[in-house]
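Engineer: When you get a sec, could you build the whole thing from the sequences and use the hints?
One gets the working numbering by counting positions in the sequence shown from 1 and adding 1370 to each.
In case anyone wonders, no lab produced these hints; they're calculated from the structure. Honestly, I wouldn't trust all of these hints.
Simulated crosslink set (BS3-like; lysine-lysine; CA at most 30 Å straight-line) [what the hints assert, rightly or not]:
| id | residue 1 | residue 2 |
| --- | --- | --- |
| 1 | Lys1419 | Lys1398 |
| 2 | Lys1493 | Lys1428 |
| 3 | Lys1408 | Lys1453 |
Quick caveat: nothing in here was measured; it's all calculated off a predicted structure.
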Amino acid sequence: MKLFIAIAAVLLSTALAVPAIAAEAQHKLAIHVDQGDKQVMDMALNNAKNVRSYYEEKGETVAIEIVTYGPGLHMLTADSPVKDRVAAMSLEDENLVFAACGNTLEGMEKKAGGKVELLSEAKIVPSGVVRLMELQEQGYSYVRP
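Structural biologist: Structure (C-alpha coordinates):
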(Lines of atoms letter the chains of each structure in order from A and count residues from 1; the text may use other names and numbers.)
(Lines give C-alpha, C1' and ligand atoms only; values in the text may rest on other atoms or scores of the structure.)
Protein backbone atom coordinates (compact mmCIF):
# COMPACT_ATOMS: atom_id res chain seq x y z
CA MET A 1 0.00 0.00 0.00
CA LYS A 2 2.86 2.39 0.85
CA LEU A 3 4.42 1.66 -2.54
CA PHE A 4 1.11 2.39 -4.26
CA ILE A 5 0.81 5.73 -2.44
CA ALA A 6 4.41 6.66 -3.32
CA ILE A 7 3.87 5.83 -7.00
CA ALA A 8 0.57 7.73 -7.03
CA ALA A 9 2.26 10.77 -5.46
CA VAL A 10 5.02 10.74 -8.10
CA LEU A 11 2.51 10.39 -10.94
CA LEU A 12 0.34 13.16 -9.53
CA SER A 13 3.26 15.56 -9.08
CA THR A 14 4.44 14.81 -12.64
CA ALA A 15 0.95 15.37 -14.03
CA LEU A 16 0.66 18.69 -12.24
CA ALA A 17 4.09 19.83 -13.48
CA VAL A 18 3.36 19.20 -17.17
CA PRO A 19 0.79 22.02 -17.61
CA ALA A 20 3.18 24.46 -15.91
CA ILE A 21 5.98 23.51 -18.28
CA ALA A 22 3.66 23.71 -21.30
CA ALA A 23 2.40 27.14 -20.20
CA GLU A 24 5.98 28.45 -20.13
CA ALA A 25 6.96 26.92 -23.48
CA GLN A 26 7.80 29.44 -26.17
CA HIS A 27 8.75 28.94 -29.77
CA LYS A 28 11.95 30.61 -30.91
CA LEU A 29 13.00 31.67 -34.41
CA ALA A 30 16.23 33.20 -35.72
CA ILE A 31 16.03 34.81 -39.16
CA HIS A 32 19.31 35.42 -41.01
CA VAL A 33 19.63 38.45 -43.34
CA ASP A 34 22.99 39.02 -45.00
CA GLN A 35 21.84 40.69 -48.22
CA GLY A 36 21.22 44.40 -48.74
CA ASP A 37 18.15 43.60 -50.80
CA LYS A 38 14.73 45.06 -49.93
CA GLN A 39 12.95 41.97 -51.30
CA VAL A 40 14.98 39.66 -49.05
CA MET A 41 14.28 41.82 -45.99
CA ASP A 42 10.60 42.06 -46.91
CA MET A 43 10.52 38.26 -47.05
CA ALA A 44 12.22 38.06 -43.64
CA LEU A 45 9.67 40.51 -42.21
CA ASN A 46 6.82 38.58 -43.81
CA ASN A 47 8.20 35.34 -42.31
CA ALA A 48 8.31 36.96 -38.88
CA LYS A 49 4.78 38.35 -39.21
CA ASN A 50 3.34 35.05 -40.46
CA VAL A 51 5.01 32.98 -37.76
CA ARG A 52 3.82 35.39 -35.06
CA SER A 53 0.26 35.31 -36.43
CA TYR A 54 0.26 31.52 -36.63
CA TYR A 55 1.24 31.09 -32.99
CA GLU A 56 -1.03 33.91 -31.76
CA GLU A 57 -4.01 32.09 -33.32
CA LYS A 58 -3.00 29.00 -31.33
CA GLY A 59 -2.63 31.05 -28.13
CA GLU A 60 1.12 30.47 -28.09
CA THR A 61 4.06 32.86 -28.04
CA VAL A 62 7.15 33.09 -30.21
CA ALA A 63 10.41 34.98 -29.78
CA ILE A 64 11.85 36.12 -33.11
CA GLU A 65 15.27 37.62 -33.73
CA ILE A 66 16.22 38.94 -37.16
CA VAL A 67 20.02 38.97 -37.34
CA THR A 68 21.63 41.22 -39.94
CA TYR A 69 25.26 41.38 -40.99
CA GLY A 70 27.34 42.10 -44.08
CA PRO A 71 25.26 43.89 -46.72
CA GLY A 72 22.13 42.92 -44.75
CA LEU A 73 23.01 45.50 -42.10
CA HIS A 74 21.88 48.21 -44.56
CA MET A 75 18.33 47.07 -43.78
CA LEU A 76 18.76 48.49 -40.26
CA THR A 77 20.44 51.80 -41.16
CA ALA A 78 18.68 55.17 -41.08
CA ASP A 79 18.21 55.12 -44.87
CA SER A 80 16.76 51.59 -44.94
CA PRO A 81 14.01 51.04 -47.51
CA VAL A 82 12.08 49.04 -44.86
CA LYS A 83 12.55 51.36 -41.88
CA ASP A 84 8.82 52.10 -41.56
CA ARG A 85 7.96 48.39 -41.48
CA VAL A 86 10.70 47.69 -38.94
CA ALA A 87 9.36 50.49 -36.71
CA ALA A 88 5.74 49.32 -36.99
CA MET A 89 6.56 45.66 -36.36
CA SER A 90 8.70 46.56 -33.33
CA LEU A 91 5.76 48.39 -31.81
CA GLU A 92 3.40 45.47 -32.49
CA ASP A 93 5.62 42.72 -31.07
CA GLU A 94 7.74 43.01 -27.95
CA ASN A 95 9.23 39.56 -28.68
CA LEU A 96 10.77 40.73 -31.98
CA VAL A 97 14.44 41.73 -31.94
CA PHE A 98 16.45 43.29 -34.75
CA ALA A 99 20.13 42.41 -34.23
CA ALA A 100 22.81 44.45 -36.01
CA CYS A 101 26.33 43.03 -36.38
CA GLY A 102 28.91 45.18 -34.58
CA ASN A 103 31.74 43.87 -36.78
CA THR A 104 29.90 44.93 -39.93
CA LEU A 105 28.98 48.30 -38.42
CA GLU A 106 32.61 48.95 -37.53
CA GLY A 107 33.67 48.16 -41.10
CA MET A 108 30.93 50.38 -42.55
CA GLU A 109 31.96 53.28 -40.32
CA LYS A 110 35.61 52.86 -41.24
CA LYS A 111 34.71 52.90 -44.94
CA ALA A 112 32.33 55.88 -44.50
CA GLY A 113 34.87 57.79 -42.42
CA GLY A 114 32.31 58.43 -39.70
CA LYS A 115 29.35 57.19 -37.73
CA VAL A 116 26.67 55.15 -39.49
CA GLU A 117 23.24 55.77 -37.98
CA LEU A 118 21.20 52.69 -37.16
CA LEU A 119 17.46 52.52 -36.64
CA SER A 120 16.48 52.93 -33.00
CA GLU A 121 14.98 49.41 -33.13
CA ALA A 122 18.40 47.87 -33.91
CA LYS A 123 20.24 46.11 -31.09
CA ILE A 124 23.99 45.91 -31.72
CA VAL A 125 25.53 42.49 -31.15
CA PRO A 126 29.30 41.92 -31.33
CA SER A 127 29.05 39.50 -34.29
CA GLY A 128 26.07 38.53 -36.42
CA VAL A 129 27.43 35.08 -37.18
CA VAL A 130 28.23 34.41 -33.52
CA ARG A 131 24.75 35.65 -32.56
CA LEU A 132 23.16 33.15 -34.95
CA MET A 133 25.27 30.39 -33.40
CA GLU A 134 24.25 31.43 -29.89
CA LEU A 135 20.58 31.51 -30.80
CA GLN A 136 20.74 28.04 -32.33
CA GLU A 137 22.55 26.77 -29.23
CA GLN A 138 19.61 28.20 -27.20
CA GLY A 139 17.15 26.18 -29.25
CA TYR A 140 16.12 28.78 -31.84
CA SER A 141 15.01 27.45 -35.22
CA TYR A 142 16.97 28.94 -38.11
CA VAL A 143 15.53 30.44 -41.29
CA ARG A 144 17.28 32.21 -44.13
CA PRO A 145 14.83 33.78 -46.62
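Engineer: For every hint, state whether the structure bears it out.
Structural biologist: Here's how the hints hold up against the structure:
Note on Lys1419 and Lys1398: the hinted pairing holds, with a Cα-Cα distance of about 13 Å set against a maximum of 30 Å. As the CA atoms of Lys1493 and Lys1428 are separated by approximately 29 Å, the hinted pair is consistent with the 30 Å bound. At roughly 10 Å between alpha-carbon atoms, Lys1408 and Lys1453 fall within 30 Å of each other, so this suggested pair holds.
This entry satisfies every hint, going by the numbered hints stated previously.
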